[in-house]
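So you can see what is in the structure, the chains are spelled out below.
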Amino acid sequence: NAGVMQNPRHLVRRRGQEARLRCSPMKGHSHVYWYRQLPEEGLKFMVYLQKENIIDESGMPKERFSAEFPKEGPSILRIQQVVRGDSAAYFCASSPHTFGEQFFGPGTRLTVL
Amino acid sequence: ELKVEQNPLFLSMQEGKNYTIYCNYSTTSDRLYWYRQDPGKSLESLFVLLSNGAVKQEGRLMASLDTKARLSTLHITAAVHDLSATYFCAVDMGSKNAGGTSYGKLTFGQGTILTVHP
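Taken in order, these protein sequences are the chains called A and B. Take the first sequence: its position 106, counting from 1, is numbered 106 in this note's numbering, and each next residue is one higher. Take the second sequence: its position 85, counting from 1, is numbered 85 in this note's numbering, and each next residue is one higher.
Note that these hints are calculated values from the structure, not bench results. All residues carry an ideal CB built from backbone N, CA and C; glycine is no exception. One or more of the hints may lead you astray.
Claimed, not checked - One-sided excerpt, in silico: chain B residues whose CB lies under 7 Å from chain A:
{"id": "1", "residue": "LYS17"}
{"id": "2", "residue": "SER42"}
{"id": "3", "residue": "LEU46"}
{"id": "4", "residue": "TYR103"}
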């Protein structure tokens, strides 16, 4: 059973460009979480999604950030018009239950030039 | 707002020594996780603690949870170099969706950077 997959693993963008981060949960998992890790810090919750629904986006910046988890395909975290402060590692986690253990992917390390 | 604090944030140990990392949190919860992260890598699950008094051990690491004190500890016995990594605790106090169903939502500590010297 493959683990949580994220791609790309590394992403470099210039200020003002768009970043798209993808997450494929573990097989059988329909709950996806996104976390952001700034340099030298712990992970911070961004958003929780179930298939086709955003359940909790309380950790998402109000502007430029959006997330989706379509019926088919991976979950996408989209950052529009990136700024240097968006440089971070973005981790996706999936869970088989609403209140189950979360399994983390390898992360996408975003660098904004 | 739930706050999770770890200490120490930096820990330099000699091989063979024992030490404890502490994780304090501000709101009642009985679900706590410990993770290990190597530089540039993802989080590896170490322990899942789901009730007051839970104690789990794996190799040289032992974790415990005291929900009354809102405290978890990660004890390292006879440290070896391979244990060098960053250790995070994460508390899941759960939230409820519009339908009243609880769901997980982790709040992480700042992390403890452990370096084990020969």
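Hints and how they fare:
1. At its closest, the beta carbon of LYS17 of chain B sits 25 Å from a beta carbon of chain A; the interface hint therefore is violated under the 7 Å criterion.
2. At a threshold of 7 Å, the smallest CB-CB gap from SER42 of chain B to chain A is about 5 Å, leaving the interface hint in force.
3. A distance limit of 7 Å between C-beta atoms decides the matter here; for LEU46 of chain B the minimum to chain A is near 12 Å, and the interface restraint is violated.
4. The interface hint given for TYR103 of chain B holds, since its Cβ lies 4 Å from the closest Cβ of chain A, which is under the 7 Å cut-off.
Of the numbered hints given earlier, the model fails hints 1 and 3; all others are met.
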